[in-house]
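Residue numbers (my numbering), protein chains in the order written: chain A, 1 to 654; chain B, 1001 to 1500; chain C, 2001 to 2486.
Hints should not be assumed to be uniformly reliable.
Chain A stretches covered by chain B per the calculated footprint, using a threshold of three residues with CB under 8 Å from any CB of chain B [claimed, not checked]:
no.	segment
1	62 to 73
2	146 to 157
3	175 to 185
4	188 to 202
5	592 to 600
None of these hints come from the bench; they were simulated from the model. All C-beta atoms in this analysis are idealised placements derived from N, C-alpha and C, irrespective of residue type, glycine included.
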Amino acid sequence: MQLIKILTISSVCWPLAAGLLTGLFVKSHRLAHRLCVLGMLLSFLSIIWLCIQFMSGSQQAIVVDLMQWSSLPNLNAKIGLCFDAFAIMMCLMVSAVALLIHIYSIGYMQDDIGYVRFFSLISLFSFAMLFLIATNNLIGLFLGWESISLFSYFLIGFYYYKNRAAEANFKAFLINRFGDCAFCLGLALLIYHCKSTAYADVYANINLLANTSLNIFNNPVQLTTLIGCLFFIGAMSKSAQIPLHIWLPDSMEGPTPVSALLHAATMVTAGVYLLARFGSMIEFSAGLKLVITVIGATGALFLGMMALCEADIKRIIAFSTLSQLGYMMVAIGLGAYHIAIFHLIMHAFFKACLFMAAGSVIVGLHHEQNIFKMGGLWSSMPITGLCFFLSALSLSGIPPFSGFYSKDLILSVAQASTPASFLGYYVYDAILLGCLVTPLYIFRVYWTVFCGPENHQHGEVCESPWTIRFPMTILAILSIGAGALTLPFFVGPDALNIVPALPDTSAITRLNQFINKIVTGGLLIHALREPALAFSIGGVVLSWIIYKRKPQWTTRHQTWLAIPEYILRNQYGFDWVYNNIIVTFFSGCARTCQKVGEQYLINRTIENRVSQNIVIGAEKFSRVQTSYLNRYFAIMSVALAGLIGISLFYSGIL
Amino acid sequence: MNIPILSLILWHGLIAAIIMSQLARSSIWLQKSTAVIISMLGCGLTGYLWYGFIPNQAFQFVEKVPWIAHLGAFYHLGVDGISLNLVILTMIIVFLSILSICVIQEKNIASACTWVFLVQAMSIGAFLALDGLLFYLFWEASLLPMFLYIGLCGGGNRWFAARKYFLFSLFGSLFFLVSILYLGLKAGDFSFSSFYQLQLNLNEQLLLFTAFTLAFAIKLPMFPLHSWLPDAHTQASTSGSMLLAAILLKLGGYGFMRFNLPITPDASMLLAPLMTVLSIIAIIYIGFVAAVQSDIKRLIAYASISHMGMITLGLFVAYLMPGSVQESTRIIGISGVLVHMISHGLSSAGLFLCFGLVYHRLGTRDIKDYGGLMRVMPIYSGFFMLFILSNIGFPGTAGFVGEFFVIYATCAANLWLAGLAVLTMVLSATYSLGLVKQVFYGRVNNMQLLTVMDINWSEKLLLGLLSLMIIGVGIAPDIITASSVHAIKNTVLFVKSGQS
Amino acid sequence: MQIHYFLAELLLIIGLLGLLLLKQIVKNHESQTRAYVIGLYLTTIVLLIWTQADFNGKTIQDGLFIVDKLSLMVKLLVLGFGLATVVFFDQPILRCGLPVVETYFLIGIQTVGMMLTIACVNWISLFVCLELMYLPIYALIGLHTTNRDAQEAACKYIIMGAFSTGVLLYGISLIYAVSGTFELQALIAPSLTTALNKATFLGLDPEQSLFLIGGLLVLIALCFKLGVVPFHLWVRDVYEGGLYAAVSLIASAPKLVLVLVWSRVFFDSELSSLKNITWIIFSIGLVSMFFGHFLALVQERIRILLAYSSLAHMGFVLLALGLMSQMGHEAAMVYTIGYTVTIALVFLVLSGMIVNGRRVVLIEDLKGLSITQPSLAFLLLIAIFSLLGLPPFAGFMLKVRVLTALIESQYLGIAVLTLIPSVVAACYYINMIHLMYFQKGNEVSIVESHYSSIQSLLLITGGVFIIGVGIYPSELFQWVSGFYPS
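Build the full structure now, drawing on both the sequences and the hints.
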């Protein structure tokens, strides 16, 4: 039993140890990356061992207590780790992707001065993500939640000498911090009402939470909806949902492995993980679920369309992450948490592979990121091209690839259980159109970068070194086979129950029966009857025609395409709103506070006025004393008479 | 064996000050070593006190000697959970400021150390006193060395700042004197326990409450009376700022805990909404003001005012809670206040220390003169980043613990208040990270920066000590909360028998 | 005639007269006179303690004087102050060319006058001894013949003094008309009307009105002597004109004597039960506190600043005296002792300083004192903080004593009112500290202070007194309240 305890703790803490060691003591590049990759490898192996233990055992969670955080009455928080089915699946994905990215960044960050700092930050980030997933305590959750946004702040601002990086990481941290406010409020409410911080207690009295209610604007609001809303706001800021998504495109300032690890696979999915972990909280209010689906759907479609007229290769993939996150939120909103997690894991594989391919192209072309300055790279970088092509296919949901399994499940679930109202139709149509748009923008990149005319001036472009190629190929393989292999774990009769303590409401049972029916009947056959597959294949063909066969069409239809292109290029004006309205508003009222409040109100009026008046008054009085004797006698006799007169008057004698 | 440990700790500062004042003419090395050794001795004494302290019990190590028989005032010292933590904080901060003097300054080290030790003696006296008049004596006496220290070793127009600090504190504490005398005469003797037993009718309590609040609101700068702190900080030397931010502000908070809440509970109940509104204003308004400061020290000063707003919020939210809320939530709120006081002491002392190191090298306080410091001084920026994180309230550092407990208590009281209080996380992030962005990130535009050396081993030791403490409190806040639960239950939330 | 009780005063008088003779006989007598006078003072102190050992409150000289513990205590203090002035007078004599013997003679006579005033319990003896006390002071200020200010101050003081003596005399006569006796104690007798023939006075009930006016006139005369607001006009010019050592004598010893006389006159006598006399005294006290501190704010010359601050402190003493209770008088006496020691210390410290060749006139002259004379600066620092009433020093404990007296007799409002002017006082006090300590050396004025060993010893005892009372005041409180008949 002791061995399991050590292994669980070590599985999370290896990257921490490696990160701290490299960060504080290591100077040489070689030792740094060896240490971090070793740490990541050990953590990956111990998680696999735990997974085997979990699968072979009776599938109950492995719990380990770390320390007693606070022993105050009814807030005695014991921080510990708990590996249940959900945590193990996520940890497997995170540690796998993190290991591959560690190897990848050996090649990518070769000649960078901050090499050692980069590796320690990446390892510390992986520790934070693993800790977030594996903790069994709300305080630990918040610790993990904040530390991943902190490490994203450090990693986005890795090139600290670039002003744009400073702007990007400041903006990213602030928006995450805004979400954390709501999340912290939700946490405080949850802890206060459950009298403890452990997940077990939260799950134990979910029903108690459901029927207690707080009155806001004196109409009672169900507690679980309130906490659900607050958690959703936190998740929106972390998983870049529609109003709070503006930080993700700018976070591409960081190096590509960071974009691959943080802004594709692990960090941005923390919001989805949170909502799935507390799915039982959201289950009780239909309104909240509808809101989540609508926001997810709008994100899936409209954020994806922005990638259509973007020139920077990394920003295109970032927009595609935004739209895929929208899909996950739709799945969460519909109550299909395990499908959302399934899509999350599949997305992690093919998106990381896409980023790696983009990274190897950038390295190959000496940090050129504009796709129109690349072209015809298929001949010089065949492996990168192939990996990009395979993961693009998986992204657009073409059948044999893993993307198809998860995306198609989401679409069929959406078709089955979206409410029959205008919003329900809107949600389904949006994600359907999303299936069309996704292949359009991803294959646009493929055709312009790998096929098409060679308009880069770098002459001989050689394939990137093995450290970049090897992880990329593994991820490409995963994005092909992983879907089919891991499907039975998520869906179907003997699936692992991802979300504990789900209230077995009618909707959930109906949903599960529907999914089991599809899966047993064969997903491919079911998909053929659905329009989704048609849209995806149509999208691929359409992009082949527009961008490969007839590139001149876009130039000919310049005129009527100008307006939508302008809208899409300015990201629907979100950036403009953020910079001009929100930022100027806050700095404006801060400046007025400073000017009005500090200078005028307190310093000038209270202090100066009061002291000036005292001094003037005192000056006037002192002029009375003119050191002439006759004036003295005048004053003295007046005082004498006055005193006696008054006292006589008041004593009633006079 | 009952050696009078408390008097030893109390008079240690005074003896140290006298010794240091005699060393003015001796060699620099001798001055530095004696100062450090004496300060270590002080820390040793406090360690012994902490070791001998039994967590959940009332006042311990009590010493009572008749002092002014005529008025019934005694030389009455005692320590409980709250004052123990504050005494330890004082000793640590004094040790660090002595070290910072030795590391940064080259001349008049002896006089600076004398003032630092005097401030230590007076503030520890205030924390340990269990007699109203004795408390007032040390409370007022702590004003003199700080006033002279700002005046003697301060910056440009230090006279303006020192005078403003002196007049503000004096104005507040005079009304406090009359209220203590009134209480003392009404209760027969000046000990806190008899103050707590006193049955006061409501308008008596209201008068006393206003007098206490006036004194403590100025010392712990609450919103309308805070304009002296930024000036005092910009003019004070590094160790002066550390003392002012870490110890003297805590006197205000400690006063609220010892006087306002237990002696005048009904008045606190009545005026709790007003005080919470003021502290919310302090958090949000000052947060905005801090965001547009161009002077680094002024920005950190405003940050501590905003943190102090958090403290008053935690204190008075305990009275906003409806009857149904159990007593344990109030205890959590107030122990959050205590932890936040200590964590703010550590993090703002760290920030001022870090700034002092850079000011010592570059000599300018203006943010515009800095830029791209991370390339020139990477290790230094690592430490600075840690203190900024604690200032923001990042979980894992000390800043988060107090903030989270106060927000937890405000949630129980009123959700809208909690909503506003949580905004402090965003506001503190804006001004702190705005500062980091302007100072550390971006291109190096001030050429003088390139000639600057990164921090040497002694500075690393200094900053390392502080960051260890901040992370320690962040990871295990139990060391503070465990010992003070009883103290909070019995003194701060002491509900008089017979009253609601 | 119980000469036995006046041996000490007699010895002092004879000694001083002997001093005049000495001047004629011995040629180079300057150097020995100072030692002779100091010896004279010390023997008087010893004799005083020895003769008045068996004090039991017996009145002698058929009711003119009294011998009790209280008067012994104040006599000792007065002798102490006299000795301090004598010790510090050698420096001004040399610098201003004062006639040596005459100065010491005048100081001696002034001390004798004070010792007698303390002992008198009869209106006539009180009047005579007051005059005996004040005349040498007028002369002392006027001795500095070369300085025009000194002459002007002396003339003003004499004329204003004459005015107040006239008022006092008129008051006494009215009281005598009502009570029929000159005995202060007699006023304590319950019924007054026996010796009165029922002449009406302006149609008013004679017994009350005459008595009230008489009492008020006496009160006004005492207020004048103390230097409180409506009658403070002489304070500024006298403090400005006189020598530092002379002013330190004027500012300290007489105030002690007056507080004692005040408690003799008003202590549970009919006068204290005059209609709303307390409110009159309170109003005078408060007005003088506000007036004194506000005006001191704008002064540039140091002695005028100290004049106005002494005016304010006397106002605070009046508040204590106004309570008309044993506790009030005790608190007033303690406060006056503390205050007088501090103000005497300040004046004596300033007396020895020469700034840029002349004595200290402006506050600016204190600039950079902490660098040129660190010990003097430290003494002034303690004295200023004590005048301000800050805790570790005597001023705080005295303020607490008076405030407790006020609060105990239910005058909480007055106690709170006294706080506001002390904040204003803080402004000009810390301005002095600012000049001494915070001003860096550039405009340092050259300060040479010649303090002989005895003088520095006295200054150090003054400093130790201030800090000692600040930290452990119950010694002083016990000692004073022991003397009060309770």
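Consistency of the hints with the structure:
no. : hint       : in the structure
1   : 62 to 73   : holds (count 7)
2   : 146 to 157 : holds (count 5)
3   : 175 to 185 : holds (count 7)
4   : 188 to 202 : holds (count 4)
5   : 592 to 600 : holds (count 4)
When the structure is compared with the earlier hints, no violation turns up for any of them.
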